[in-house]
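Protein chains: 2
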Amino acid sequence: MLDDPMRNLSQALGLMDVGTPCLLLDRDRMDRNVRRLRQRLDRLGVTLRPHLKTAKSVDAAQQVMMSPSGPATVSTLKEAEQFADAGVRDLIYAVGVSPDKIDRILALRARGVDLAVTLDTVDQARAVAEASRRTGDPIPALIEIDCDGHRSGVLPADGATLVRIARSLEDGGRLRGVLTHAGASYGAVGDDALRHCAEVERASAVEAATLLREAGFACPVVSVGSTPTAHFAEALDGVTEVRAGVFVFFDLVMAGIGVCSIDEIALSVLATVIGHQPEKGWILVDAGWMAMSRDRGTSKQRIDQGYGLVCDINGKPFGDLILSDANQEHGIIALRPGTDARLPDLPIGTRVRILPNHACATGAQHGAYHVMRSGSDKIEAVWPRFGGW
Amino acid sequence: MLDDPMRNLSQALGLMDVGTPCLLLDRDRMDRNVRRLRQRLDRLGVTLRPHLKTAKSVDAAQQVMMSPSGPATVSTLKEAEQFADAGVRDLIYAVGVSPDKIDRILALRARGVDLAVTLDTVDQARAVAEASRRTGDPIPALIEIDCDGHRSGVLPADGATLVRIARSLEDGGRLRGVLTHAGASYGAVGDDALRHCAEVERASAVEAATLLREAGFACPVVSVGSTPTAHFAEALDGVTEVRAGVFVFFDLVMAGIGVCSIDEIALSVLATVIGHQPEKGWILVDAGWMAMSRDRGTSKQRIDQGYGLVCDINGKPFGDLILSDANQEHGIIALRPGTDARLPDLPIGTRVRILPNHACATGAQHGAYHVMRSGSDKIEAVWPRFGGW
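Just so you know, the protein sequences line up as chains E and W, in that order.
Using this note's numbering, the letters of the first sequence correspond one by one to residues 1 to 389.
Using this note's numbering, the letters of the second sequence correspond one by one to residues 1001 to 1389.
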C-alpha cells in the first residue's frame, strides 16, 4: 500500500499490485511533451517559465524547469513556498496579489527568492509600494493585461491606467513588466483559431509594454502564455518569456482543441472494475469524481469524453468507451451514444486506465504520481504532490 | 499561517487574519443539522449510520456518530483505516468490493474492526467467501440493491440473483443484509417527490430482504439512505439503519431540492477580493475551482448558483450574487443574470464567504476545516481532513 508515498520504491510495484484508484504518470510521454515545447520556444527565441500549478510536485518540476532554480510560475503562495524549499529562486506569482498576502511574499523574498507579483489596479500597486518602502525591499510586480476579456487585467491600449498603476507601484516597488494569459485559447479549435489567439496574446502584451516604455518605464519583461498559444504562436517578437502548465501532461481538453493527440497524454487514473449493469451497458469502476475531479471540460467540445476516456491497462483506448457518469467513488463506464463499438468484456477485478479531461483538476485529487515508462507495467517511482494554499 | 493546521489554535485567529482561500465550518449550524436528523430517525425507530465520506475528519466524525466507536459508513479503505485508528469499530464499506482490496479489509478486521463489505455479483461473493475460508474470518457482506436505476445493485424483485449471491457468499463469508441508496433523490424536487423516493428506497430494500429471508437467509440488516430520503421518509418499517453524509453540512444542491434552507448550510469558503472588471460587472476573488471544486450541481436546478452563492464575511448572502465562473485560482463574482440587484462595492482585500454547491466535493479540495461559531469572527479550532484512498 502507498499511504505514505516514498519517492523511490524499494520494491517495484506492478500496475496490478498498486491500490486503486491511483494517478499514473507516463514519464516517457512527459519527457517528450517537455522537449517539444522547449525546442519550439528555443526556435522562437523566448524563455520557458513553466507554470507549476499543474504539476504541484518538486520531482516533476525538476523535469520541467530549465534549471533547478527556475524560472517558474506559481498560482499560490503555498506553491512558491514549496518550490522555494526545493531551491527554486525565480518565481512569478501569477494571481492578482491582495494586501493580506504581502507578508508571506516578503518572507519568501527575504529568503533570497526573486518572487514577483501580479496586479492590475492602483490599489494593489499602492499596497505593494507601501510594503516595499516599509521593508526597504522593492517588490517587483507585473501589470496584468486583459488580452481577450477572459479574466483579469488592464486593456492593452489603456495607457492612462497602465501609467497610473506603474507610477503608484514605483513609489517604492518596481515595475518588472507586463503579463497576459490568453484564457480564450482553451475554447478555440483548430490551427487558424489557435494561431489567432497566440497573435492576439502577443500583440496585446507588446502594445501595453510599448505604452509603458513610451511613458518612461523600462518594463523589461513581456510575459505571455497558455499551453494552446505556446504551441501555435508563429512569432513571439517583443515577448521575453512564455508561461504554460498543462503542456507537461496534456489532457483530453487539449486533444479536443488540437494541441496534442490522445497518445501524448501522460496522465491517467488506474481503476479497477467493481461491478456490471449489463441491461444498461454499464461497467462500474472504483474511480468516481473523487479520482477524476468534477471537471467536464470536454462537455462543450465536438467529442464529449464524459469524465474521461477509458483505456486498457497498457494505455490503449478501447475506442468510444468513456466514463459516462461519476459518483464520489463509483465511475460508470459506457459506450459513447451512437457508436457502433461493442462493450468490451471486463470482468470484476480488471484494471483500466482513464485519461482525464483536465490534468490540473484530476492531478489535484491525488497525493502522488505513480511514475512509469511507456509500455511498462512497473511503477518505478512515486512523486509526492501537494495541495492547499 | 496555517500550513500545518493544529487541532486547537493556541491563539485564536480572526476571519480577517487567516490565509485565504480557506474552508470554514460553522459548528453551531453543523450541530443543529446533526441533531435534526438524529431526532427524526429516533422518532422513526432506526439507527443512524452516518456516511463519513463527506466529513473525512476524525474531529467532525466524533460530532456526528452516535458513539465514538460508530456505527458509520465509509466510501474508501483509507477512510476505514483512518477512522479505525481513531477508535471506530463498526463500519460498512459501501462501495462494491474488488478482490484486490480484500487483504486490506482482512487487516482491518484482524485489528478488531467489524468492517462489512458491499457487493452485487456472484464473482464478488465468491472472492469474499474464498478469503473468508482461507483466513477463518467470515467477512460480513451486504448485497447492494438497485432501487432506482441510478448506479449499482441487484433489482429488488430478482430473488434468483439475490439467492445465488447469498449462497456463494455463505460458502465461507456471512450475509449481513441488504443495502440501497436512492441516488435519484438528488434529482427530485419538492416534498412529494422526495417522499416518493424515500418510500421506493425503503420498499426496495425490504422486498429484497424478504426474498432472502424466504430463501432461508437471516438478513438481519436492512440499510437505506441518502440525505434527501433520510429527511423525507414518512415511515421506515422493515428498515434497521439509515446512512446519510451531506446532512452534516448541507449545501446549495440540498437547498435547491428543498431538503434544507440556505441558512442551514454549515460550510463555506472564505475568499479575498483581488480585482475588478467594472465594465463586465465582475469582482475577482482568490477562490477559483481549486477552492470550490468543479462541481456544478446546481446547473440543472431551478436556481443555478454558478460555482457558489456569495455572502458577506458574516455569512449573510448578498442576494443574487454568485461565483459565476472559476479558473484554477481565480473566481469571478457577478450578479445572477436577470436580477434587479446591484453589484455591491467590495474593495480589494474585502473578505467574502462562498456557499458550495456540493459539500463533499468542496470539502475534498481542502486540508482542514476552520471551525467557528455562528455570528463569531474567530476561528476556534482547526480540524484536519484527509484525502486519498
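Hints in this document: simulated from the structure, not taken from any laboratory.
Keep in mind that the hints are not guaranteed to be accurate.
As the list claims (entries may be wrong) - Straight-line distance between alpha carbons at most 30 Å, and here's what the computed DSS-like set of lysine-lysine pairs gives:
| id | chain 1 | residue 1 | chain 2 | residue 2 |
| --- | --- | --- | --- | --- |
| 1 | W | Lys-1316 | W | Lys-1378 |
| 2 | E | Lys-300 | W | Lys-1316 |
| 3 | W | Lys-1300 | W | Lys-1280 |
| 4 | W | Lys-1280 | E | Lys-316 |
| 5 | E | Lys-78 | W | Lys-1300 |
| 6 | E | Lys-378 | W | Lys-1078 |
Unchecked claim - For the chain W half of the interface with chain E, some residues (derived, Cβ under 8 Å), not all of them:
| id | residue |
| --- | --- |
| 7 | Pro-1021 |
| 8 | Val-1034 |
| 9 | Arg-1040 |
| 10 | Thr-1121 |
| 11 | Gln-1277 |
| 12 | Pro-1278 |
| 13 | Ser-1293 |
| 14 | Ser-1324 |
| 15 | Asn-1327 |
| 16 | Pro-1344 |
| 17 | Ala-1361 |
Glycine included, every Cβ here is placed at the ideal spot set by N, Cα and C.
**OP:** Could you check if W:Ala-1361 really has its C-beta closer than 8 Å to a C-beta on chain E?
**Re:** Holds - the Cβ of W:Ala-1361 comes within 8 Å of chain E, reaching about 6 Å at its closest.
**OP:** Using 8 Å as the Cβ threshold, decide whether W:Val-1034 counts as touching chain E.
**Re:** For W:Val-1034, the interface hint is violated, since the closest Cβ of chain E sits about 20 Å away, which is over 8 Å.
Original post:
Taking only the CA atoms, is the gap from E:Lys-378 to W:Lys-1078 under or equal to 30 Å?
Top reply: holds (23 Å)
Original post:
Taking the closest Cβ pair, is W:Gln-1277 under 8 Å from chain E?
Top reply: holds (7 Å)
**OP:** Take the C-alpha atoms of W:Lys-1300 and W:Lys-1280, compute the straight-line distance between them, and say whether it is at most 30 Å.
**Re:** Cα-Cα ~25 Å, so holds.
**OP:** For the pair supplied as a hint, W:Lys-1280 and E:Lys-316, confirm whether the alpha-carbon distance does not exceed 30 Å.
**Re:** violated (45 Å)
**OP:** Mind checking the alpha carbons of E:Lys-300 and W:Lys-1316 for me, to see if they're no more than 30 Å apart?
**Re:** This hinted pair is violated, its Cα atoms lying about 34 Å apart.
Original post:
Does W:Arg-1040 pass the interface hint, meaning its C-beta sits closer than 8 Å to a C-beta of chain E?
Top reply: violated (24 Å)
**OP:** With chain E as the partner, please determine if W:Thr-1121 meets the hint condition of a C-beta pair closer than 8 Å.
**Re:** holds (6 Å)
Original post:
Is the hint on W:Asn-1327 kept, meaning its closest Cβ partner in chain E is under 8 Å away?
Top reply: holds (6 Å)
Subject >> Proposed interface contact between W:Ser-1324 and chain E, which counts if any beta carbon pair is under 8 Å >> reply: Given a least distance of 12 Å, the restraint on W:Ser-1324 is violated.
**OP:** Below or equal to 30 Å on CA atoms is what counts here, so check W:Lys-1316 against W:Lys-1378.
**Re:** holds (16 Å)
Hint check: violations occur at hints 2, 4, 5, 8, 9, 12, 14 and 16; the rest are consistent with the structure.
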